[in-house]
Every structure is written in structure tokens, then in C-alpha cells.
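Protein chains: 6
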Amino acid sequence: MIHAFLLLAFLLSTTTPHVAAIDFCIADIKSAPTPAGYPCKSPSTVTVDDFVFSNFVEGKPNIFNFSFTPAFVDQFPAFNGLGLSASRFDIEVGGVVPLHTHADATEVIIMIQGSLTAGFITSDTNTVYQRTLSAGNIMVLPKGLLHFALNAGSQKASATVIFSGSVQPSVQLLDLALFGNNFDSALVAKTTFLDPEQIKKLKGVFKGTG
Amino acid sequence: MIHAFLLLAFLLSTTTPHVAAIDFCIADIKSAPTPAGYPCKSPSTVTVDDFVFSNFVEGKPNIFNFSFTPAFVDQFPAFNGLGLSASRFDIEVGGVVPLHTHADATEVIIMIQGSLTAGFITSDTNTVYQRTLSAGNIMVLPKGLLHFALNAGSQKASATVIFSGSVQPSVQLLDLALFGNNFDSALVAKTTFLDPEQIKKLKGVFKGTG
Amino acid sequence: MIHAFLLLAFLLSTTTPHVAAIDFCIADIKSAPTPAGYPCKSPSTVTVDDFVFSNFVEGKPNIFNFSFTPAFVDQFPAFNGLGLSASRFDIEVGGVVPLHTHADATEVIIMIQGSLTAGFITSDTNTVYQRTLSAGNIMVLPKGLLHFALNAGSQKASATVIFSGSVQPSVQLLDLALFGNNFDSALVAKTTFLDPEQIKKLKGVFKGTG
Amino acid sequence: MIHAFLLLAFLLSTTTPHVAAIDFCIADIKSAPTPAGYPCKSPSTVTVDDFVFSNFVEGKPNIFNFSFTPAFVDQFPAFNGLGLSASRFDIEVGGVVPLHTHADATEVIIMIQGSLTAGFITSDTNTVYQRTLSAGNIMVLPKGLLHFALNAGSQKASATVIFSGSVQPSVQLLDLALFGNNFDSALVAKTTFLDPEQIKKLKGVFKGTG
Amino acid sequence: MIHAFLLLAFLLSTTTPHVAAIDFCIADIKSAPTPAGYPCKSPSTVTVDDFVFSNFVEGKPNIFNFSFTPAFVDQFPAFNGLGLSASRFDIEVGGVVPLHTHADATEVIIMIQGSLTAGFITSDTNTVYQRTLSAGNIMVLPKGLLHFALNAGSQKASATVIFSGSVQPSVQLLDLALFGNNFDSALVAKTTFLDPEQIKKLKGVFKGTG
Amino acid sequence: MIHAFLLLAFLLSTTTPHVAAIDFCIADIKSAPTPAGYPCKSPSTVTVDDFVFSNFVEGKPNIFNFSFTPAFVDQFPAFNGLGLSASRFDIEVGGVVPLHTHADATEVIIMIQGSLTAGFITSDTNTVYQRTLSAGNIMVLPKGLLHFALNAGSQKASATVIFSGSVQPSVQLLDLALFGNNFDSALVAKTTFLDPEQIKKLKGVFKGTG
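Residue numbers (UniProt numbering), protein chains in the order written: chain A, 1 to 210; chain B, 1 to 210; chain C, 1 to 210; chain D, 1 to 210; chain E, 1 to 210; chain F, 1 to 210.
These are calculated hints, taken from the structure and not from any lab test.
Check the hints yourself; a few may be wrong.
You can't tell identical chains apart in this list, so a pair holds if it fits in one copy or across any two.
[Said to hold, decoys possible] Think about it this way: if two alpha-carbon atoms lie no more than 25 Å apart in a straight line, the pair counts; the simulated SDA-like pairs of lysine to any residue are:
{"id": "1", "residue 1": "K203", "residue 2": "A36"}
{"id": "2", "residue 1": "K203", "residue 2": "D124"}
{"id": "3", "residue 1": "K200", "residue 2": "D49"}
{"id": "4", "residue 1": "K207", "residue 2": "Q130"}
{"id": "5", "residue 1": "K201", "residue 2": "Q130"}
{"id": "6", "residue 1": "K190", "residue 2": "N65"}
{"id": "7", "residue 1": "K207", "residue 2": "V128"}
{"id": "8", "residue 1": "K156", "residue 2": "A186"}
{"id": "9", "residue 1": "K201", "residue 2": "N65"}
{"id": "10", "residue 1": "K30", "residue 2": "V93"}
In isolation and in its complexed conformation, chain A is listed as follows (with noise of 0.2 Å):
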């Protein structure tokens, strides 16, 4: 009943018009980000890679004893326009993630194996919320509010972390905004009542002037 002739004919038709369909918009970060995101790379362009990051391992330790392996838009053009992202967090025993926030993203603890223990501060009343994880755990850290992490296990703890609300979510470490950079002494003492010769020490060991 239905020619084959004719459906060529209706392929082609429907196929045709439909020039800029948006199933998706994979970044092109060589362009200028907008507020909403990269401009989309030219479909024609596009391949089955584009939609495939395989770096999602474990990476080396840093100093505090864990490594964090992004999977932000800039790592994975992929991610664009979705307001999410991803980080493969992997932490030793006895290893500590200080103290830091992320301006515009909810993280999202997802437990692999071992024990993490996770909290965060409220800002209304400065209550601590935190617990010991493990896998088959999952844990939210609400947007913008001081957190931190750490190993207090006997194994290696791993979590993918999803950050929801960015593709690229920003790190802001207490620390190195602290005492990481050349913000004044005095200004320091000031806007946080911590002592002159504590602040001066901890600039000496996050290589901080002023």
C-alpha cells in the first residue's frame, strides 16, 4: 500500500524543512559564554564523541589527600545549556576537603564505597548539618553555603559529586581566599576578628602576601 517511491519523496520532505531542530547544543567554547551558556557547535559537526567524556577517573591526590577529577562544560561540551555538572571525587583515609563554597551550584554527594563524613552550615541559625556516609548514600549541600569533607574511615572513600544549578560551578576554598592571595593583613584582622599572627601564619603556608 505505501510506495517506496513516495515515501523517498516524504523523507525528503520532512527532513528537509526542518533545518535547526535543537535535540541538543553542544558547546563551542571557543565562542564567548553567554548568561545561558556557550553557542551550540554546528550540528553538522557533531558526532557520537561529543556525547562521551572517558576521563571520569580517580585523579592524583593533592596535598589534603584527595584528588577531584571536574567534568564541567569547559571538560565536556556536552553539559551546555543543562545546568549541571559532574566531578569524580575520590579521598584517602584521613584526607580533609577544607572548608569552602560554591557560589551558584547544589552539590550532590553520590557514595561509591567508603565513609565520607559531609556537613554544612546554615546561615540563618548556623546549624551544622552533617553525617557519615557511605555507599548507597546520597547527600544534598544546598547552594552557596559553607561545607566540608572529610575521610575519617579505615579505606579510600570515592563519591561522584554532581553539581546542580552549573556547568561550571565555582570553588571558593576559606583558605586560599583568605590567606591564598595578596588581600591586606589588616584587612583580614579586621573582617574576620582572627588574629594578626594567625592570619600571618597561615599566609606563610598558602603563599599569600600583604
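Given chain A, work out where chains B, C, D, E and F should sit, using these hints.
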């Protein structure tokens, strides 16, 4: 009381500082789109023609006995940033629009003439919501769900179809997705439970390979 | 220099006026949702337990030899308003996830172990984008498109699956939409071009009527 | 190969956990709306009738010789959360729609029959963009700008009008805002530069006081 | 315990991968805007000057005896993507801001000094909501509605005006829209019910033609 | 030509069908908020008072020698759904606003009088962007970043502060988050590298325990 020469000064002074008042953002479809749409055409080159689409007419019926004339952002750049698009739809007696989905748009059928049977299938309980529509009826088909339409009446049916949620809605026709490409036949069988002979037959009809 | 009694006054004065600082909005899932999500649970009843989901574990395999454990807003109210959700996915050797769509969510597969072949079909050119994934891979399957997965490897495959765009993603399984309900068989035939015998057979398998 | 009793188990297991899959959110218009729309009607009470509006027909002409039949969320709760609404518009020969604005909606005029002259005025350069439309034409009138329409043709004109940006668009009719209320006449004069006699006359016509 | 040379390695390793952390998106106002705003200026060229606007001062009164100094995105690119803008507003005794609308912005008047009478007209019941404000008052004028202001006090009034919803709010002044352009006088009469003599007179005042 | 009795019919017919035109959505702050804000107060109970906030005045200085008067949605329900809020800020000579963040809001400082030194620290390069502001200056402090302010001038400084992005912005004061609660001291040490004596001292000052 109001002196004209003062007025002139006022007119100049009020129009000059408003360099970029954005009453509209006509798509510059030659530039790369972003997740929020195309960059805006320069306002100084915009005329009334940019706000009018003149080809919203019945098209030629395809082999399914319906025609579809899109007014998407690529045809009508005034839709840029508005989050909707439109199409003119006409279907002959006996015509059928096979099962398909629009990934990013809720379909709103606004009947003009004739009688059209339209239906969609929900995802949770697989309920078929189906209705025969006539002039004076509007039907909403929720975003992303499989749906169909057919003319079981005795005269041509016509409708204005609005796509809410996208300026360039995608259309995924089930038969073309399964049989009109190089989708490996064994894989089609495995992921649909269709019999190999059925797949082979329809691959023949829809010009698929694999 | 800072007197403690003054401090106390300060603490009271700064915490008192911030009655409704919204650090988070845990879903009150007993209330009716709105298009933007559930109303917020009263902050005074929120504890750390509200931020932790403890059942993100492998489920029992179904007849397709895979299991799927959702952490959607109904299971994990902390996802309310975040625009994403998660699931634990495990698939035995030979298991297949039949073709399906998520109307309102982009799927992000984050491999944990084993080997998984996943693919999706674009709407414009009906291209099959397919890839065999292993640990260390992430794959993005764009919103609303038909996709599938299968374990063609030699061991169980496991993944964390993130749904970007919805706290309660819909799942429309093609076979259930066609054959697992009371969708009129003649209508299925007309809108899919499948043979009546094929439809009858699969209606039998999937317990459909009509 | 697939045993029916296993299937049944599967069907139950896949449908049970998806308690709140949100394919749609029909407005519960008896509850208070939020900035994102009305709460959703309970899915268990939704039928196909909720997706169909049956009164999209020509209304009775008013004294301006046009009729306007709204399908806004209060009349058609299926539009909840979609960000658009519709109306049927019919205008007799010589009819005029006086200058008005829609605060929160871009108007899209889709001509059905006859000839309609429509125009809007930009805010920066006060340019009048005006066009006489006929069947097959669509015109976009940007959000919030003063606009008008009139039938200068020789037969009744009809159109489907879509409001993009609002499920319940506001309509501010210039004459009613100035003359159809208790707006103090001296204040009207001061803020419009209209002559007192003109104001008095139109206050009389439009039943205003003050 | 923390060795400085290790720290240095850490600092480098944490800063290097974050190529595009988006703390801010200062407008590159020489590029074409998109519906979501201007592309971002390259972060490497951003200095503290980009975050400071230095000309938020009283302007020269116009013939209506008020001045208006905009800090919109074109003047202050730091507002890009924030969805608000600001202006400094000063009005002499007896000054009047004629009726006007902002299509895409809710106006928030924050009084600094003097006394200002402001009012807006609702669209549904044509109610005039009017209030005389003084220092310590904030008033919200909803998006897109006709509103006015005047100084009926005994000293200059000043306010900071915030526009919520737009980085470049439009201003449609009723008199200029009707009389300050080439809007055909017969058409003005038809669509406003103003008398031809009134139109002619104000066309003269506002330098309109037609 | 226009007969008054016809007009009356028109007025009734145009106002009657617009039952729910949403010109505004004043918060009903006694109901539970949603992720998009509070439900709307019934329009029939709204008066001009709902649009005016009358307490935007200088408060009593706290021990840091500044005062802060919020006009957030809980104080001023007219901000519901607008995505911004305001506060009046006054700081005595020598006053300091200690380091803090707003999780969900960009701060816009609009100077009224005096001289204020404000600064923020970026997350990627830990750069301190700092500037001394005076009347006529606006400064933008991006969302979620640590920032401070102090009055190093010779007179009181005053500013209007707008929070873009939230109707109820959170305020996380660093010292209170670290020392003004029961955050375990050993954990504070581990996650900040501060010395135990320093922590003990400031726990004493800020009334913390643990």
C-alpha cells in the same frame, strides 16, 4: 504652556540614552544559536516585515495524506526567545499522522475545520487519552509523549498547531526512528521485541538499512 | 574589645529578622505540587535526615535483567526545586533496556563498573548515536529522544543515572505504550504500520487489550 | 521467551515506584495560584476532558464590533504552567480594537479569514509598525507595547490569537484606564496633557468619575 | 605539617583546571545580545572598574522638571544577566512624569528625599492605586501597567528606581506614542476616541506628523 | 456616536471574563512557600498598602557599628516572585561588616552618603576586588562570593542595598558559621587550619560551644 523648542530638547534627551531598549529580539539566524536562542538582529535593520510571516498556508499532502507548514524560528525569526512556534496542518479524509513525539514541546491543536481524532499516551499508566475534535475545540498534548492524529471524518480537517516550549520543536517519527535509518536490525528486535520479519518488511518500506 | 554581652545582642538581632531565609526547600510531598515543585516543608521540622537518601542501592533484576532504583523527589524530597534526580541502575549480562523516552529529562549515564552499550536516535536525521561505555565514561542522552541500553559485556554493568531537567522524570516505554494498555489494535496498526499479527502477539506478551 | 506472568510482575514493578511522574499539571483553579501557576489537580481525577476546550467559538460582537473568546487558564486549566494562552477573535467590517497593552504577553495574530490592519508602537523610537493581514499571515506584537487592530476590509475578519508569556494575560485598554474609572480628572490632564474638556467628554462616554 | 612546596603544587593544580568558572558575566556590549543577554567579556580583561558605576548622580531637569539617570546594562555592563537595572530620579516641585509603561519591568521606587505622588492603574478593574511617598518608603509598580508620578510637595524629591525584570527596560511614554511620531491622526482618533482637534493640538506640541 | 448604555454593556462584558488577570502576586506569607515563591494573596483583599513598604529607615547600630533594615518578602510581600529584595544599610565611622556570603543573591550597593570601602574575593584566582565608594557610585558584588565592607571615612556612610536573585536572601557570616554555634572545634581546626587557641578564643567571643 509647553513650548515646542523645549519639547524638541526633551525628545532628543529621552531617546538618546535608550540605546538598547529591547522591545524585541528578532533572530539573526545566520549566527550560531545559544541555549537561549539566536543573537538578536540589529534593531536598526528591523522593519515591519520582520514581524509578519506570510506563508502560513496549506501545503501539499504527503503520502500520509496530510500537509504540515512550519512557522518555526528558522522560517519566522520573530519567534526567537518567545518559547513557542506554530504550524498549519491539513489532513485529507483517511489521512493519518503516525505515532511521534516532540521532545521539547507541548502541542496545542486548535481546530479550524473538519473532524480530527487525536490521542496521546501517558508515561506512567500508559493510558490512551483520545478525542475526536471539531471546529471550536482546542486540545493539549503534553510534552514528549507519543501521540497520533487521523481524519476519520468525511471532509478535509485543518488546524493551527502551536508548539509550547520551543521555537524549533523536534519531531521524532516512530517509524523513521526504527526503520528509516541504519539502526541495526538485531538491535531493533532486542529493544522493541518486534519480530525480525516485521522489522525487515518495514525497513524495506521506510528505506532503512542495517 | 568585643564584649560578650554586646555580642549576644548582636546575635539575637541578626538572627531574629531573617525569619524565612531560604537555604533550602525540602518538599512537603503531602501537599499538591505546582509547576515549580512542591511547597517547602517547614524549616523548623527539617533535620539532617532530610538531606540524606539511604536506599541508593542495587534493586532486584526484573525480567529484562536490569534493576532501577529511583531517587526522585517522591523518594528524596531534598531534590525539590533542583531540577534533577538520580537513579541507581544495574544490568546483568545480556540484559536489555527496551526503547523508551523521558519527556522532560536529559539522561546522564555515569558508569561505575562493567560495560554498557547505550544509544539514542536523533529526531531530525534519525541518526543512531551509539557507544559502548565502561567505568570512567559519562554519556549524555538528549531530552525526549528514543534510547536504549544493553549489556553486551561479560559481567554485570552498573551506573549512576542522573536526570537533568526533572525531579520526577517520566519514563515512556515504547512496548508498554503500544501493547501494554487498551490502545485499539486497529489504531496501533494505522499509526505504526505494524502488521496486525505482530500487534496481536505483543499485546499478548505485554497484557494489553483492545 | 518472555513469560507472561513475569511480565505482569514487571509491569507492576515499573509502574508502582513512579508515583508522581509529572506528564502534566492541570490547574486546580480553586486553590491559590503561585508565581509559577496553580497547584496541580490530582492526577487520579484527570480525564481526557481536562485536555480539551470546547468553547473556542465566535462570541457576540461588543459595541466596538468585535468579539473575543478567551481560552485562558481560568477557562482552560490545561494551559497551567505552559506560559501561553489563546483566544478566538472576530471583528466586523469597520470594527476597531482600541489601543491597549498586555503587560506580560507577546501577542501572536494568526489570521483565519478576512483582512485585519494591526499595528504596534515601539518604545524607543515611537515607530508605528503596521500591516494589513489576511489569511495565511501571522503577526507578532511584542510584549507590553501599545497596539491596535481594525477591520478596514469588506468582510468579517477572524483570527486565532496566541498570548506568549502568560496563561492569563492582562489587557489594559487605554480609554478605560484613563476615563473608565475614578482617576482624578486634574491628574489625568497633568499626566497626559489632554484638555479638561476632552477628558470630561470621554469620562462621560466611558462612565468614569473623578 | 603542611609543606609549602606541596601547597604551591596544590594551588596550581586547583586553579589550572577551572578555566571558565563563571563568578560573573560582564557584558561585552560590542557584541550582539541574545534573549538571555550579552556575551561575557573575557574574564582576563575584567578589573574592579567593571563592577563600579560612577555616574549615578542627579541629571539636568527636562521640560517636565525631572531628571533621570539610567544605570542600564549599556551604561553599566555588570548588570548583564542579573535581570535588573537602576536609575537615579530627581523631580522639582511641580514636576510631572507623564503616563507611561515599562513593558518588561516592575518598577521599585525607593525614596531618598522629598515627597512624591506615584500611582498605577490595574488592567482588570482599572483601579488607580496611588500614594504619596516620602523618605523611608518603597513602592512597587507592577510590570507593564500605566503609571505616573508627580511632585506635589514643597521641595525637590529624589529616588532610586530599580527595574526588576530587565537590564535595559523599555519606556513607552503615552504622549510620545500617540503624538510624537507619524501615527496617522485618523487612526489615532479611531483607536483612542480622542477628538481630531485634540490630536492635532498635541501632535503640534510633541512634534508629530500624520 | 457611542451610546452610553452600549458602553456599559461593553464594560461589563470586558471585565467579567477576566477573572484572574495576574497584574501582581502579593505574597500570602502565612501559606507555605514553593520553590517559585509564596502563593498569591487573594486580589480582592489587596489595597495600595500592599504595594508600599514604610519602614525603610536607618536602624540601630549593632556592635559592629552598622545597622541593616531588611525589606525582604517577609517584611514586604509585594516582592514575591520578583527575584529581588532591598535593605537600608548605615555604618558609622570605623564600622566593619565582617566577611560573609549571600548564597543566592548578587549584591548591588547604591551609595547615598559617606564613604564605604567594599570588596569581594573571586573563587578562581582569589583576586580581591576592592573599591572605596561614595555617593553616586554603584557596586556589584557577584553572587555567593565572600565580601566585606567598612567605613574608613570621616562620616557615617549610608547605602541602599539591592539583592538580585532572591526575595529572601541568606546571609552567612563567616565568624558565626565557624564560632557562633556548636561546630566541633577539632573539626573547625581540620577544615580551616586555624590554631586551636584561635578557635577557642573566638568561640568565646561568638558564644559558640563544641
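Against the structure, the hints:
{"no.": "1", "hint": "K203 x A36", "verdict": "neither (37 Å within a copy, 41 Å between copies)"}
{"no.": "2", "hint": "K203 x D124", "verdict": "between (30 Å within a copy, 18 Å between copies)"}
{"no.": "3", "hint": "K200 x D49", "verdict": "neither (49 Å within a copy, 29 Å between copies)"}
{"no.": "4", "hint": "K207 x Q130", "verdict": "between (31 Å within a copy, 20 Å between copies)"}
{"no.": "5", "hint": "K201 x Q130", "verdict": "between (29 Å within a copy, 24 Å between copies)"}
{"no.": "6", "hint": "K190 x N65", "verdict": "between (32 Å within a copy, 13 Å between copies)"}
{"no.": "7", "hint": "K207 x V128", "verdict": "between (30 Å within a copy, 15 Å between copies)"}
{"no.": "8", "hint": "K156 x A186", "verdict": "between (40 Å within a copy, 21 Å between copies)"}
{"no.": "9", "hint": "K201 x N65", "verdict": "within (22 Å within a copy, 29 Å between copies)"}
{"no.": "10", "hint": "K30 x V93", "verdict": "neither (40 Å within a copy, 41 Å between copies)"}
The structure fails hints 1, 3, 10 (numbered hints given earlier, in ascending order).
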